[in-house]
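One letter stands for each residue in the lines below.
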Amino acid sequence: MSALWMIFGLILRDQRRAMLRGAALGLIVLAMGVTLLGLSGWFITAAAAAGLAGAGAAFDVFRPSAMVRFLALGRAAARYGERMLTHDATLRALETLRLRVLAGLLSAPHDRMIRIRGAQALNRLTADIDALDGVPLRLVLPVLAGLATQLLALVALWVLVAPVIALWIVGGHVLGAALIVAVAGRVSLPLSRRAEVAAQAVRTRLIDLIRARRDLAVYGRLVAQAEAVQGAEARRRDLRRHLDRADRRAGAALGILASVIAAGALGIGMALVQAGQLPPAFAALGVFAALALAETLVPLRRAVSDLGRMADAARRVGRDLADPLPTEAPVAGGAEGDATASPLCLADVGLHRLGTGTMLMAPLSFTLQPGETLAITGASGSGKSTLLQAIAGLHPVALGRITLGGRPLADWPETDLRDRLTLLPQRSTLMAGSVAEALHLAGPADEARLWQALAAVQLQRLVEGRGGLSARIGPRGEGLSGGEARRLALARALLRRPDVLLLDEPTEGLDEATARAVLCGLRDFLPAAAILIAAHRQVETAFADRRVILP
Amino acid sequence: MLSVLGGLIWPLQAAVVAWAIGHLLAGTGASPLLAAVAFGGLGICRAALACLAEAQAQAAAEAIIAQARGALIASEARRAGDSPFGGAGSVAALAGEKLELLGPYVARYAPARARVMVLPVVILALAAWQSWAVGVVLLISGPLIPVFMALVGLAAKEASARQMTQIGTLNDGLVERLSALVDIRLLGAGDAVAGGFRRQAGDLRRRTMAVLGVAFLSSTVLELFAAIGVAMVAVYVGFSLLGALGFGAWGGSLTPEAGIFLLLLAPEFFQPLRDLSVAWHDKAAASAVMDELAAHGAEEGVALPGTGGPAARLAGPASLHLRGCVTPSGRPLPDIVIAAGERVALVGASGTGKTSALRLMAGLELPPQGRVLVAGQALTPEMADAWRARLGWMPQAPHFLTGSLRQNLTLGRAGDLSDALASAAIGAVVEALPQGLSTRLGETGAGLSGGEARRITLARAVFGSPDVLLADEPTADLDPLTARLVTEGLLAQADRGVTLVIATHDRTLAARMDRIIDLGDGT
Chain D
1 MSALWMIFGL
11 ILRDQRRAML
21 RGAALGLIVL
31 AMGVTLLGLS
41 GWFITAAAAA
51 GLAGAGAAFD
61 VFRPSAMVRF
71 LALGRAAARY
81 GERMLTHDAT
91 LRALETLRLR
101 VLAGLLSAPH
111 DRMIRIRGAQ
121 ALNRLTADID
131 ALDGVPLRLV
141 LPVLAGLATQ
151 LLALVALWVL
161 VAPVIALWIV
171 GGHVLGAALI
181 VAVAGRVSLP
191 LSRRAEVAAQ
201 AVRTRLIDLI
211 RARRDLAVYG
221 RLVAQAEAVQ
231 GAEARRRDLR
241 RHLDRADRRA
251 GAALGILASV
261 IAAGALGIGM
271 ALVQAGQLPP
281 AFAALGVFAA
291 LALAETLVPL
301 RRAVSDLGRM
311 ADAARRVGRD
321 LADPLPTEAP
331 VAGGAEGDAT
341 ASPLCLADVG
351 LHRLGTGTML
361 MAPLSFTLQP
371 GETLAITGAS
381 GSGKSTLLQA
391 IAGLHPVALG
401 RITLGGRPLA
411 DWPETDLRDR
421 LTLLPQRSTL
431 MAGSVAEALH
441 LAGPADEARL
451 WQALAAVQLQ
461 RLVEGRGGLS
471 ARIGPRGEGL
481 SGGEARRLAL
491 ARALLRRPDV
501 LLLDEPTEGL
511 DEATARAVLC
521 GLRDFLPAAA
531 ILIAAHRQVE
541 TAFADRRVIL
551 P
Chain B
1 MLSVLGGLIW
11 PLQAAVVAWA
21 IGHLLAGTGA
31 SPLLAAVAFG
41 GLGICRAALA
51 CLAEAQAQAA
61 AEAIIAQARG
71 ALIASEARRA
81 GDSPFGGAGS
91 VAALAGEKLE
101 LLGPYVARYA
111 PARARVMVLP
121 VVILALAAWQ
131 SWAVGVVLLI
141 SGPLIPVFMA
151 LVGLAAKEAS
161 ARQMTQIGTL
171 NDGLVERLSA
181 LVDIRLLGAG
191 DAVAGGFRRQ
201 AGDLRRRTMA
211 VLGVAFLSST
221 VLELFAAIGV
231 AMVAVYVGFS
241 LLGALGFGAW
251 GGSLTPEAGI
261 FLLLLAPEFF
271 QPLRDLSVAW
281 HDKAAASAVM
291 DELAAHGAEE
301 GVALPGTGGP
311 AARLAGPASL
321 HLRGCVTPSG
331 RPLPDIVIAA
341 GERVALVGAS
351 GTGKTSALRL
361 MAGLELPPQG
371 RVLVAGQALT
381 PEMADAWRAR
391 LGWMPQAPHF
401 LTGSLRQNLT
411 LGRAGDLSDA
421 LASAAIGAVV
431 EALPQGLSTR
441 LGETGAGLSG
451 GEARRITLAR
461 AVFGSPDVLL
471 ADEPTADLDP
481 LTARLVTEGL
491 LAQADRGVTL
501 VIATHDRTLA
511 ARMDRIIDLG
521 DGT
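Chains as they are written, first to last, in full-length UniProt numbering: chain D, 1 to 551; chain B, 1 to 523.
In case anyone wonders, no lab produced these hints; they're calculated from the structure.
It cannot be assumed that every hint is accurate.
If you want the ones that stay clear, here's a sample from chain B, every Cβ over 10 angstroms from chain D, calculated [said to hold, decoys possible]:
#1 15
#2 113
#3 122
#4 298
#5 315
#6 324
#7 330
#8 334
#9 419
#10 438
#11 497
Not everything, but these chain D residues come out facing chain B in the computed CB check (under 8 angstroms) [unchecked claim]:
#12 61
#13 199
#14 206
#15 237
The beta-carbon is built from N, C-alpha and C at its ideal position, and this holds for glycine as well.
Next comes chain D alone, as it looks inside the complex (with noise of 0.2 angstroms):
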């Protein structure tokens, strides 16, 4: 519930001026609404009454008529700019929420970067943050408004009709309304969290099928997952069931309610106009207003209903919120660092196995000159990766310290980091759209030179039979081998022109004359680098400089 609030608080505070005149606009409908009925009943009965005693020519017909009139034809334009208004400041405030979700994740500690998986991500980001539009448009508005316009109608009937009648309609309304709310919620709170649970599964399982179809079909699990997707379903569409149940029985609720009101207000209204306290044309008054504040309840039913599923997706999204917003840190000294300093030095660091204390190397010292390139060597597991991620500051230090130009690793601001060093992590994700579109991920670059890049990693040929740059790339790199999209992420490294280069496993996936001439261009590419390479291979080791060894 308060992480309602919290959404609730952020939009506003995004859309204020859109969403105050949203909900006063809202407010004035149905206040017009209700008017609009109260003085219709009002003025036939008024009419009637005056043309019994043979008193119509001296009734005022004009004011009233124009009245209704105005209050029609106000009301439905009211209402356009009302949900004009709403509408589109609620979709911009999500469209912010939804950029602010990505940012918190684009500067995710690493681990939990790689944990974040596609499908659930997706979840969050699409499906809860459409979820919240409820929010603000069905739940607080609309709940708000009605509030609002159950107060002016006690004070209007109170003044107007009399304080029973109006403590009658307006009390029953809030209290019977109030306690109809409390009672669904309670029932179809807990249903709906669990539907969204089923569905968010339905969609994973989903996601999963499609994703490892071949595996699990080579392993005789397609159909079993495929139940397993069905089985999720199942389970959502019961939930739904129990869920629509619940929702019919509170509408009836509401509806019952408003019948219930209207018939006391009738029956209370006759009895004060036999007992002579009351014209028969305020007591039509208090009926009509009765049914027309029928439709303040209309909105309860949905904001029951949706309660669940939006309270749900508050909480999860509210969570990626949390995470402070990336600032850049300030900046001391010269960015630039010194230019005389080796780009990068290593003294006595240590590494601790990520998530535990145990340290995963012995301490190591090493200092890497421009044009220089060092492999480093050791078994699976002997924290190559690691080592590479944690000077590419995506890993913490637990002991020594990394300098780069000259400064500590932990004072660079992350985009002047990122000019100056760029890692080739092990994996690398290619998005689908064109070969053009993949390089430029590093930042703008002229044509000559995405060729250039390209001829660097042993690419031109191919991607000039593909119809060069324009080529398409499909959804994760499809249609490109596994070697061809290794060589394509390294161009795109490459094109990032870095004074620090760090390769994890370079070559994997090329055969060994490929291998040898992609590490050659790439030092022809960028002649004054440092490059560190995590070598597994003998091709790459004979290429550096120097070597490494990690126990």
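Dock chain B against the given chain D, drawing on the hints supplied.
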């Protein structure tokens, strides 16, 4: 039907109110209790009928959605590869939130149409019975509404179709960006990517607002018609009751009861039309979804041979024969004959069809041309499952399922994992994980190095004691020591008599095989 019945109760309630107020004006005594009970009782009947009608409609909607979703899931499970319709994100979006859009259409459109057929006619008749002038007013303003609605509906359908496509693309793009978070960060492209996403999201917002704008505009126009109609009725009734208008009613002048009755009826005359207009937009959204469903269904694509379910192992020698086969991309493969128990390396430059050849051998696809013979017989969809039951499979890029490491290793098969872990030389690594076999895996084997993830797929392959082992680049990512361990693991399987086929660039590994088949240099 029930919803029509519920709608017919309102004129009775209106009559109760009109009767009560008429008596008040006449000063004759009518029981307040009777009026209240009659009105309230009718209201309760109305709510109950509406509730029942909704129950029917919702059940129908759920049935339709469930059927469509079930068919979609089943069709995805039958494919050999991704459908041209889109990736996992697009399909998941279609099966998820987009299909839900069919619900409001089914649950609201048909009942709304039934109400439009009956209620306005009944109310018109009742109104005309009281006053022909009111009947004329309603008759004129009523039919204009569907005409306008039809025009707006056409525009809305186009706009919402455009919005649909956009949602799918946005979701696909987002899945990719999220899978590539690390790359984006390392390339310093966070701002650029966020900027691109901002543009896409802004575009979607504008499209959504265009759809909503049309919807709101049409409902506003409807409301205006309804409001003008009601206001005209109210003004006419008021003037008549004052005696200023002497026409329109049968037999001279309007009684107060009739006036109140007409005023209460007028808004209900328009209500079914307004309900239908809301449902009309549901219909527009639903038919856009139906088009996408049809597009997905139209692309049956290459079917997976067999079902992908468990099967008894196929009898016969563990031999393989590709005869005159062509890869799906059209590249001819040489004839490949592999005898039971043989150890073979497929080598060749990148893109020469090593992976495709392995997929053909695994019966994951049937060749567009040529024949695949396994265990001495032609590979057919009927026996593909039985053939695959004999296989161990190491793909080049594993996708780990959402779940624990243990689930990913066993894939639901019973047995002891420790042997499999030992033969893949991964036991120690698993023990060192904070939660061991219960560790939940990230999308590309997060928390494990590339070599470790590769060895997990070996352990998974070995776990089922296969008698044919197909491995795509089993030693890529591995340092010489670990590569040797994996090679020994593979060869140990071969020593058990397992037929071993390996696609590799690794000369050392290839040299350990009995035979090397070169697929060429890619030209």
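message: According to the definition I'm using, a residue is off the interface if its beta carbon is farther than 10 angstroms from all beta carbons of the partner; does residue 298/B meet that for chain D?
response: Non-interface label on residue 298/B holds, nearest chain D Cβ at 18 angstroms vs cutoff 10 angstroms.
- prompt: Per the stated criterion, does the least C-beta distance between residue 315/B and chain D lie above 10 angstroms, as a non-interface residue requires?
  reply: For residue 315/B, whose nearest Cβ neighbour in chain D is about 17 angstroms away, the distance exceeds 10 angstroms, so it holds.
message: Hint residue 237/D vs chain B: min CB-CB distance below 8 angstroms?
response: holds (5 angstroms)
- prompt: Holds or violated: residue 61/D as interface residue toward chain B, Cβ cutoff 8 angstroms?
  reply: Hint holds; residue 61/D Cβ to chain B Cβ min 6 angstroms, cut 8 angstroms.
Status of residue 334/B, Cβ more than 10 angstroms from any chain D Cβ: Answer for residue 334/B: holds, closest chain D Cβ roughly 18 angstroms.
task: Examine each Cβ of chain D, and state whether all of them lie more than 10 angstroms from the Cβ of residue 438/B.
output: holds (14 angstroms)
- request: Against chain B, run the beta carbon of residue 206/D and see if the smallest gap drops under 8 angstroms.
  value: holds (5 angstroms)
query: Would the least Cβ to Cβ distance between residue 15/B and chain D come out above 10 angstroms?
result: holds (13 angstroms)
Non-interface claim for residue 122/B, where every Cβ of chain D lies beyond 10 angstroms: Per Cβ check, residue 122/B is outside 10 angstroms of chain D; nearest 20 angstroms; holds.
message: For residue 497/B, is the shortest CB-to-CB distance to chain D above 10 angstroms, so the non-interface label stands?
response: It holds; residue 497/B is separated from chain D by about 20 angstroms at its closest Cβ, greater than 10 angstroms.
field: Interface hint status, residue 199/D versus chain B (Cβ within 8 angstroms)
entry: Interface hint status for residue 199/D: holds (7 angstroms vs cutoff 8 angstroms).
message: If we take the beta carbon of residue 324/B, is the closest beta carbon in chain D still more than 10 angstroms away?
response: Answer for residue 324/B: holds, closest chain D Cβ roughly 23 angstroms.
Hint compliance for this structure: no hint is broken.
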